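Undergrad: Residue numbers (the working numbering), protein chains in the order written: chain Z, 1 to 173; chain Y, 1001 to 1122.
Hints are computed from structural coordinates only; laboratory data are not their basis. Please read all numbers here as calculations on a predicted model, not as lab measurements. It is possible that part of the hints are untrue.
Reference excerpt, derived from the structure (chain Y facing chain Z, CB under 10 Å, subset only) [unchecked claim]: (1) F1007; (2) R1037; (3) I1040; (4) L1059; (5) Y1075; (6) K1081; (7) I1086; (8) I1087; (9) Y1088; (10) L1104; (11) L1108; (12) G1111.
Partial pick of chain Y residues on the chain Z-facing surface, computed with a CB cut under 10 Å [claimed, not checked]: (13) S1049; (14) E1050; (15) I1057; (16) I1060; (17) E1067; (18) L1078; (19) W1085; (20) P1090; (21) L1092; (22) W1100.
The beta-carbon is built from N, C-alpha and C at its ideal position, and this holds for glycine as well.
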Amino acid sequence: MKNKLSLFVVIIFLSFCFVIFYKGLNKPNTYTPKTSIEKNLPIFKAKDFSSNISIDSVNIFAEESYYIVNIWASWCVPCRKEHSFLMELNKNKSIKLIGLNYRDNLNNAKKFIYELGNPYTQILIDLDGTLSVEFGAYGVPETFLIDKNKKIIKKFVGPINKKIVEEIKLAVK
Amino acid sequence: MKTLKIFLVIFLLMGFSQQKFNGNDNELKNKILKNIRCLICQGQSVYDSESDFAFSIKLIVNEKIKEGMSEDQVYKFLREKYGDWIIYAPKLNKNTYVLWLLPLLLFLAGGAIINKNLIFKK
């Protein structure tokens, strides 16, 4: 009886360990960001792309409107791919687009905008990538949707597409 | 001449204390960077990585230490931005109970088995 009980305990214990390790094996070992968690908008200072004047984030997001912060760079190939969708979003009057030019050569960035059009209300310079860290970004392109209460309500990692544009339009309605 | 000597001693002491302060800051910075995971690398800490992401995190950590943030405050700041995954040593919460308590349970169970066997042998 005692032996049976010990065997039972050992089997339960081994099964428990198996379940834990099996679950661990199925879990991806790479960073998967949470895309729909409400976060406060970071407070920062950044230089304006065209005037090179330092501006406070409070002044950048001053209007009671939905904002989109898009992190982009002229050297980023997917950014070219998503640019037409940003141009489409620019037509929506309830959204203001803020561009964050990430670790870029300013001349190349200006050429990029000249060539593909400017969908942004304002472009900020992030020469060392620290501004992107304030937003919780870890690459380009990344897009953040900010509501009227100045909360980041959605994060899109990678280039935006038709489906995401529709999702954003629906969210700001 | 005597005044000059006093000034020289004060100047050297100030330089030494400044160096010591910078040294402490560097030690803290390296300790923090070694405990932060590079999110775009495979199995590398930010300290070991040369990626763009690691470069930006190194600058941010340096800035936060200069602002007077403690080690825990820097971790808290990064957790708020990227979640628990960015820190190598996870905090004790409902998702990590098993991780923290399983080794302890195994240790206690092992101890109990050894103890029981020794008693039986006696």
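Undergrad: Which constraints among the numbered hints does this structure fail? Numbers only, ascending.
TA: Hints 1, 5, 8, 9, 10, 11, 12, 13, 14, 17, 20, 21 and 22 are the ones this structure does not satisfy, whereas the remaining hints hold.
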